[in-house]
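Engineer: Chain R is already provided as a structure; the job is to place chains B and X on it using the hints.
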Amino acid sequence: MAELPKTPLLDELEKGPWPSFVTEIKEAAKHKASSRDLLGLLERSYRERLGHWKHGGIVGVLGYGGGVIGRYTDLPQDFPAISHFHTMRINQPPGWFYTSKALRQICDIWEEHGSGLTNMHGSTGDIILLGTTTPELEPTFQALCAVGFDLGGSGSDMRTPSSCVGPARCEWACYDTLGLAHDLTITFQDELHRPMFPYKFKFKCSGCPNDCVAAVARADMSIIGTWRDDIKVDHAKVKEYADKGLDIERTVIRNCPGKCMEWDGATLAIDNSACRKCMHCINVMPKALRPGDDRGATILIGSKAPIVEGALLSSVLIPFWKPEPPYEDLKDLVRTIWDLWAEEGKNRERVGEFIQRVGLGNFLSAIGLDPEAEMVAHPRENPYIFYAVGDKE
Amino acid sequence: MADKVSVDEVAEAMYKQVASAQGVKKLKPGDLNKMMAEIYGDRVDRDTCKLAIRKLIESSRCVYTYFGGSYIELPHRESAEN
Amino acid sequence: MTEATQRVTDIGPPHHEKMMPPVIQKNYGKWVSHEILKPGVMVHEAESGDKLYTVRAGSPRLVSIWKLRKFADLADKYCGGHLRFTSRHNAEFLLTDPAGIDPLIADLKAIGHPVGGIGAAITSIVHTQGWVHCHSAATDASGIVKAVMDAIDPYFTGTKKIPGKLRIALACCLNMCGAVHCSDIAILGIHRRPPRTDVGAVGKLCEIPNVVASCPTAAIRPAQKDGASTVEVIEEQCMYCANCYTVCPAMPLNDPVNDGVSIWVGGKVSNARSEPTFSKLAVPYIPNNPPRWPEVVDCVVKLVELWAANARPYERMGEWINRITWPKFFRMAELPFSKEHIDDFKHAGLTFKRSAQLVH
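Chains as they are written, first to last, in this note's numbering: chain R, 2 to 394; chain B, 347 to 428; chain X, 8 to 367.
Read the hints as simulated data drawn from the structure, not as lab findings. Just to be clear, a hint being listed does not mean it is correct.
Unchecked claim - What follows is a set of in silico ranges between Cβ atoms, one per label pair, in the way DEER data are often shown:
1) Val-39(X) x Pro-327(R): 36 to 46 Å
2) Glu-373(R) x Lys-350(B): 31 to 41 Å
3) Ala-230(X) x Lys-102(R): 56 to 66 Å
4) Thr-166(X) x Gly-369(R): 37 to 47 Å
Model, not experiment: these values are computed from the prediction. Using N, Cα and C, we set each Cβ at its ideal position, and we do this for glycine too.
Chain R with its partners taken away, still in its complex shape (with noise of 0.2 Å):
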């Protein structure tokens, strides 16, 4: 095997007392050309201060429009064992979680057929086996199928759902989440594997509205846990907060943005008509407060990275649902949206842009869901309102 390249400027990053991806890339580098060329490029990047990719456009298995990306660097006489270097999105288990078993076996399969080096995991979800060559895919998406493994989303179709840890080490799980990620993931396989939408379309599950996978902020359906009913109390674990040392007047009660608590030195008292279900007190007092037994999930739709419109949090669709396997209310919805925004909407407009041009209000009565008050902040403060011309009395 060939020595490493030097790389002054990288193995600075080696120093300090955080695990060092340079260090990672200089183990596959032992073993396989294309991370030993990589290695040497991004020298060259730090170098230069410049990234050397090239984006590709085709490259994929063979049926699917989702799942690898392409991509080429721009020095591939200097570099030529990642003259093409593709990336594969592989569908993660929901929650992230795994036998040593089936981590080996992918770890096996990406030896066999790529650079040896991943993403655990890629922003959206998926696990990123980072760089392989265009005749290496499809055995290696082979391979992976014969293991259980699947291909992730990319491009203008729906993105790999992913969920929190949920019901399985969370006892603020309101609904399962990795229950319904799975399921969503299975019944719209052909959407996740095939683009037919304007732009991409992710869903995001979190148990609580802790929102631990950051559902209000990366995902175009964020289905947040909640509950109705009346936080579960544990009296006398709230006075072992309190003798142990918490000032709840100070950390709980203040911070309660319904102001619907109270403490009087003995006692909690919890005013649940005006209770917000934001988590706060239960996050300080995880073993005496839980929430209600009435669960289910809000259900918001919309949220965005900046790029085209401007980025964007997503917003309530359905103010409180209550999750049942097979989910099918949740389906038909989905599926209206889906219809509505692929005949409607934009080259490359999200869901959530597609809402602002027409307007919520427009959006719901295309959809067949009643306005409601819990969608707004506030309702309209400027008086130009449109009513619809026919509109009678």
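Structural biologist: Frame of chain R; chains B and X shown alone:
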């Protein structure tokens, strides 16, 4: 109601659209669906269109491409390839 | 339906149940409470009385299969062959026997992975590909993240205490493959010059209407050059978003001199206390300074320390700033306030100060 058009016929019609648009305009699956609706009216539905696209892709007569968004084109060498 | 093929397709991901340890399968949806035992270690208790210990290890996100195999070995040694990853790239080891915790932490340390990032701590930085693998990067991702994490490692491992959670994210361009726009501190790669249009290539490589439509400020117009169709860019209208480059490779913006990093603060996604909110601009531009971006690291450390010294318990960066007001934040952070800080895109007027409530 008129007979539904077959998947094969829709696939052929789509292929013609893709071929004549090649190099001029990139077509999205949604564009093809709309074109088919214009040609066949209610004799074609979305599921038939989906299957027709799948047929074109799986026979390698057409490919998915990505340039900021996803399109359907005739196979060609990509410009970024070395 | 289409004819059956020999190839396996459309199987989707493995079901999570196949991947979860028995203790989770047994207690799925039946957890009652949890407690953080020490930095990076917590215990969850189920209705059944079963306990599950989690050890969270930091990771650079970019990991080789040789490292993953070591993780798999540790999962075999301590966790019955199971592990998981978090939404912020950490590896989590799930134990039923607390006796394994300290030896596991020692083993993780031996392979270079610190344990921490739970509760009132800074956890791993969500980030993008950067120069490692992206065509549109205005900066590197992994390098800055490594340098910043080296500097704030004590807040991950818990040797330095902070008032609450602080989430850092990095995106190497405005595409923002990550929740950068809602982070306590966001590091965002930016371009600062319009695309260098390859006039001859645009018409060959790209569709002119798509390129024109890609521009959020309508700065791109169709044009003719030597009888061929191309585009021209009204440079004063360009805000360097690189959206045109995404649809047309003949319009590169990458620029070794003018590309760099901006710093944004005060965003959050959680609903706890205050509602989710975007990050706001703190520092418009810091030049790229590889390999360790010392100016960026200094800025982040300064912001963390300022927040840590002044915020109340549980108060996130944005909540603290909202309490003290933004002008005071700029003064305390000794950051200059410039024209770039004032929004001039859609709904910019909503960000103007529309009252006389000021802290003088």
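Engineer: Would you mind marking each hint as holding or not holding in the structure?
Structural biologist: Hints and how they fare:
1. Val-39(X) x Pro-327(R): 36 to 46 Å: violated, 28 Å
2. Glu-373(R) x Lys-350(B): 31 to 41 Å: holds, 39 Å
3. Ala-230(X) x Lys-102(R): 56 to 66 Å: With Cβ atoms ~59 Å apart, the hint holds.
4. Thr-166(X) x Gly-369(R): 37 to 47 Å: At 56 Å between Cβs, range violated.
Checked against the numbered hints given earlier, the structure breaks hints 1 and 4 and satisfies all the rest.
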